[in-house]
Amino acid sequence: MVTAAPAKTEYEAVIGLETHVQLKTNTKIFCNCATTFGGTPNTQVCPVCMGMPGVLPVLNQKVLEYAVKAGLALNCEIAPYSKFDRKQYFYPDLPKDYQISQYDLPIAQHGWLEIELVNKETGEARRKRIGITRLHMEEDAGKLVHGGSDRLAGSTYSLVDFNRTGVPLAEIVSEPDMRSGQEAAEYAQELRRILRYLGVSDGNMQEGSLRCDVNISVRPVGQKEFGTKVEIKNMNSFNAIQRAIEYEIERQIEAIAAGERIIQETRLWEENSQRTVSMRSKEGSSDYRYFPEPDLGPIEVSPEQLAAWKAELPELPYQKRQRYESELGLSAYDARVLTDDRAMAEYFEATVAAGAPAKPAANWLMGDISAYLNSNSNVSITSLPLKPSELAELTNLIESGTISNKIAKDILPELLEKGGSPKALIEAKGLIQISDTSVIETAIAEVLAAHPKELEQYRNGKTKMLGFFVGQVMKKTGGRADPKLTNQLLAQKLNE
Amino acid sequence: MVSIRKLHQQLIQKERSAVEIAQEALDTIQKLEPKLHSFITVTAERALEQAKQVDTRIAAGEEIGLLAGIPVGVKDNLCTQGIRTTCASHILENFIPPYESTVTQKLADAGAVIVGKTNLDEFAMGGSTETSAIQQTANPWNLKRVPGGSSGGSAAAVAGGECVVSLGSDTGGSIRQPASFCGIVGMKPTYGLVSRYGLVAFASSLDQIGPFARTVEDVAILLGEIAGHDPKDSTSLNVEIPDYTRYLVPDLKGKKVGVIQETFGEGLDPEVEKAVRVAIAQLKDLGAEIQEISCPRFRYGIAAYYIIAPSEASANLARYDGVKYGMRIEDADNLIDMYTRTRAQGFGPEVKRRIMIGTYALSAGYYDAYYLKAQKVRTLIKQDFEKAFEKVDVLVCPTAPTTAFKAGDKSADPLSMYLVDLMTIPVNLAGLPGMSLPCGFDSSGMPVGLQIIGNVLREDQVFQVGYAYEQATDWHRRSPKLK
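Protein chains in written order, with this note's numbering: chain Z, 6 to 501; chain C, 1319 to 1801.
The following block holds chain C by itself, in its conformation from the complex (with noise of 0.2 Å):
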């Protein structure tokens, strides 16, 4: 199974070339694009420039980085300066960024190869990447299921093999439970760890950028590179960060683990049930101490979360008007008909409810009914992870109640399929750390997702637990019989 670390070995020691690992990448993705459709937008010809570069670097003898030469794909709500980046909507289909997004900017000074921006759906807003309006992405595990989402892209090209690492964004899970979904590890760092700018945004006090890869080490090596304080994200943490790695040592002996009880209940597929009760037993065996917790707010983060992120993002999506980017309807009679019939048509079903939702959520007279008291939940699901984290290190649960379901199963119900993120959105509310990694298959073949809660800015602990787990099992060296 490739690595970033194994890849790393072979183009210092000159057994492969930047370019030949790029144009590999490149052609599994022309290759497997007719049936995944992950990438929204490949950059060939950059991507071989790229890696050009860090070739033309390892020849005159200079010490490259892990992650130079790396094939990366990135999210295509991540601004890329001159290349297109559309949020899989039609309003911006035809938006090319004058500028980069930190993230993005941080991947080229390490020397990353970036081979495409990836599918999700419309503005993340979603948990299948079906809302997407420019192409449906299919599970690489079996093709007429979806990815997850909203990161769904980045999750099937690396379960895909089409990139090693790929970057995503998660406002509710929409890393974690395509990871899930996907078989892929994918972790969604402490609020405030990664800068936001260039990241288009969904919902400011909730979105974060992280990692997706095979394995936890990719994953902790592709977040000590992105993350770091940002001036010019005013939410960015200053602190310190560490080498992630250091913390990929397999041992749980005196590890505290926490079960969040209220996650085993209803609407949990058995199957999902029996593969992380069966994933605490291994870590319980690794010497981890288990502890049943009790997060009784948990269930009310949902109903916090859809009004808290529409009301963010009625705001956040008010820009796209057909003033100065993105689509502008041609026959505009005024002003207003300028404005409506551009967002009328621009903007997808799932979109422009939630644009709704937000903009009533935050109308006069109800403002104190669902945005304060949204607040004050979250609040309260706050209280319950500092409580848990009294008494354990790390708290563990599913990632999502179930594996991934077929296309066009959800997508006329969307309240079935905001349950989906049930496990992943109170992370969030939190600005917690979460991750996501294999712990097995249901019947039907489909991955199930683990995921790993840390307290805030302890990454470490949640790398711990999750690298001792990957190692003591072999879940993630499955891959899908694509070829």
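For reference, chain Z alone in the conformation it holds in the complex (with noise of 0.2 Å):
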């Protein structure tokens, strides 16, 4: 039977997402032992992180330091007064089977961040605020090592490493104000921006220092009520949190679309099949017994201690974004990338600052330098040889007229090495460029002599013919003679 196909329902994504941040400490949050990932299983750990009997935590300060750093960034109400409590569940990672975690006193509620999409051909930006409902303190669990499984289920035994037992996070959850993969990808890399900005954070997605879960479920467009969401996890980059959300919403949408129900679990992103598939179920949700935790007091934070912290920050990417638009009349795209390291926006900044024009720094920043270090991985743009101060040289020694692109170009790789003058080194070359009227002349009239027959062929009417002299120009003045001024003069003789 045939009927006429119903108008299509539109549908749209609710997307939240809750990050997992290590903080950046040297020690664990509640007791001396090292951060370092990758040590050999359980030689970082003490009593403390492995819930001996008897042992108390005593609350890192630093751990405390970032997070309201990090809550202030990301523009949160700091708590005066806030606590820890006791999350309690049974698990062999965690060594307590309770984690010391922050339920109903956040240290920082109620913040946002501004995510910028930019269209790469305009250059133009789209911004939308995303809200940031709660940031808290907790410690990690430990790491579970299970043979003949990957998982508990199926394995023969288990071994469980500590090392991880007690090393910082901050949970950090969004609002469910995302409406696609892209938007969710480009919140998780503003977050992580932020963190980096501010030091708090290596948010190192393969080591597992920044780890997204994605909340997610679709509705018709109009429609108030949020659809029945589904929890994904296990995204190793920006790119897998974006990938698995697209496919999310297309399942749960054919799902719907079929008349089936969406049901309430937790999806793995697997990253070789490019698909989601059913962990466990969530319905009916688990209780963790929260309480507050005894053996920890109140966190307080001072109006000085915050006012201390908070001039302690940095000019932040989204702002630093706004100022090289404004300020500097750089492009949204040029903005995004020379902001999206921290390091490379001060190098850069420092550029301007030494005299350089904006827009020529910013490309040579994005184009040839970040070439090279991208194919350079053991120099960063901090140990780069090459100092703003010389790339600012460089950047005037074009603008001047003293050389062109070509020859800064030319000069460039050995800068990169070694660094120094660029004026020095262009002087030792004898790379000057002739801006000398007579000289050029010269050079034309002996090209001119030489080329008779290509002469000829110009003057009926082959125009085309003016790059080959303006190369044989260049050829015989070693590439330094002024394009500009060649072009000009050229055009003068050729047409007399």
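These are computed hints drawn from the structure, not numbers from a lab.
What you were told as hints is all true, and nothing was included just to trick you.
Below, in silico cross-link-like pairs of lysine-lysine (DSBU-like), each with a Cα-Cα straight-line distance of 30 Å or less: (1) C:1550 - Z:148; (2) Z:67 - Z:238; (3) Z:88 - C:1705; (4) C:1642 - Z:92; (5) Z:92 - C:1691; (6) C:1349 - C:1370; (7) C:1332 - C:1349; (8) Z:481 - Z:498; (9) C:1571 - C:1324; (10) Z:469 - Z:480; (11) C:1694 - Z:92; (12) C:1691 - Z:88; (13) C:1550 - Z:29; (14) C:1642 - Z:88; (15) C:1670 - Z:92; (16) Z:392 - Z:414; (17) C:1670 - Z:88; (18) C:1550 - Z:67; (19) C:1642 - Z:29; (20) C:1694 - Z:88; (21) Z:133 - Z:238; (22) C:1700 - Z:88; (23) Z:148 - C:1642; (24) C:1550 - Z:92; (25) C:1592 - C:1571; (26) Z:238 - C:1642.
Pairwise CB distance ranges, derived in the manner of DEER restraints: (27) Z:277 - C:1556: 55 to 65 Å; (28) C:1557 - Z:309: 21 to 31 Å; (29) Z:150 - C:1705: 54 to 64 Å; (30) Z:225 - C:1682: 29 to 39 Å; (31) Z:133 - C:1705: 51 to 61 Å; (32) Z:86 - C:1617: 30 to 40 Å.
Fair warning: this is a prediction, and the values are worked out from it, not measured in the lab.
Each residue gets a CB set at the ideal place from its N, CA and C atoms; glycine is no exception.
Once you've looked at the hints, go ahead and assemble the two chains, each given alone in its own frame, into the complex.
Right, here's the structure in full:
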């Protein structure tokens, strides 16, 4: 039976992220064990982080500082008084069988961050604020290694490594303000950028120092109520976050369209097959029996302390982006690329401060210099031998017409490797651009005399030959002739 | 009667060596343990080694502290590095801590000689030491009676002369009540005065470590040694610790003593009441101003306590899961099987009961009705005390409603056992210092205890009143006839 297709229902996704970020302290949150990644199992442990009988936690004050700074950078309200709670559940990677976390009084709440979705072609940006519900401090659990299976179920034995137990975490929960995989991936990246600017986290997804869980549901456009939400875990890159969400949106819409019910569950993103698979049902939420941690006193942040930490905050990525656009006249795209990494932004700013025009400095950094850094992993922007003042000098040599862009590109590899004054280098190499009209005119005269045939062709209307003559003049002058002036003078001569 | 000061004099005057003193304690232990069962572990070798070090220091002409060479018993819920720490539970029966509790470290630093680890109710949960999974401790005054609990081993050991002083822990009365039952002095200090690092937690917001001794002076000396801020315990108070022996002056002129009316009601043994009333009259004779004080919310203490303490305990005892240390059943089919059977076999009935009460009280939907409400009651009880201390310097009342009962009398009825701590629990809920000291005997020859309660960090007042009373009476000079 054939019926007329009904008007297709339009769906929208509702997405929120829960992000666990390792705070980059030297020691664990409640003891003095090292937090270094990748140590031999159970070598960075002590009675406290192993949950031995009778031991007590003592809060690492650096964790509080980092959490408050992250909260401030995310425009949150910082609680003057908060506390830790015990979250209780039995699992072998949790030595006390409760996790010290924060429940009803998190250190930070009610914030936001701004994401920017840039159209690469037009350079235009669309901005959107994503709400931050809360940020709280907690301890990480250990790591289980299963024998005979990659999960506890089905394994013949399991080993536990407590090195990670007690590593400080900030859990950052967003509002369900995102509507696409791209927005979610951008949120996660902006979050990481902010945390890296603050120096409070590495945000390394491969090492697990930044882990995102996605909550996602779909609903018909216009509907107010949320659909049944599904949690997705196991994304190891921003790209994976985007793809997992895109896959999941499609899966949920297809299921609803087919008349199926969405099950509240946790699903895992499988990188190999590029799909999400069901891990466990979440219906009937678990009861963690939270109660205030009696071994730790209340956490108090005085107004003086808060002001001091606030004063230590650096200019944040979105503030830099705005300033680069409004003050330096860069495009949204350029501003975003330059501010992605704080060290790169600082290099750029130092270059501009040393007198370089913003756009050319941006171009050098985003182009040749970034390419160089990408192919030389042992060099970073901070260890680059070419200093910002030297890059500024190079851009000014071009601006003033002392050297051509081409010469600059030719000498760049040497500058990147050794640093030093570009001016001194071009002088030593005799590469200063020839802007003397008489010198160029002599060269032109010689070239024209040497190529009568080509001159004939040009004058017969083959004006494309201009390029040939420019090339010949350049050859004759070792590439140093001012290209603009050469063009101009040649055109005059040829048309005489 | 032996005392810290007497032994100290003998040591520095070289009348006796520390090894001789330690050996005497160990001999007494060997002789009495078949009757008393106060100690789970006797650390004879280590004790003699520690004593020898003290003798070496004396021989070298070094100045030694008051506690040097003094035989001390330590409750077996205080972690001692390299010495098994059982909590009188099968689940930790073979647990040897790789770390030292702050208090035992302080004892060692002071040159004290630890003779052994004393028996207790399993995980300090009980009022008679009968829930110990290891052994049953007897009351030195009558071997058929319980020593009280949970620090029954520490109390019986001092009363029986197996050691000079000992350490216990008090969550709802676990030092004061056994001190009362065994006719000795026991003190629970202000919450936070003594570091809890290395004390195996029962109820973290209530647990406090404190001393047992035959005299108020010895309690004051020992407390002075173990008190003080510890960076390893976030709840430990950062306060100056005075020399408590400075307050041991037999003068009560102008001292205001409040008598808690509510403790003299139903359920109080008439012989206990009589002894305590006589003691109060003696305080008056010594110059104290006696006032009746009402603490109307005192009686809700037990109800609040039996929500708060088990709630905290249910979390504190979760770690005994067979994964890391302690007991683990051998033939588990899977993780859940290992958890449930290890815990089913490892814990005794009273511990299980409290874990279940606590788990229930913290469950979603019950939290507000139980845990939160209990915390509010706790605040009200604190307020009653605050009001009382606007009028008086110390409060007095019986330590326990009865004298030591017969072994087995209450073990089948948990509720009647819980009522034993009626008069001590509110002091823990309010975090105040409380001391029990002997104030008479009942007709069957069992000791009665008087409880003196001070305001926060006013141990000095408690010591002063206790010392004046002790000096005016001779209850503390009596010893059980065990030998």
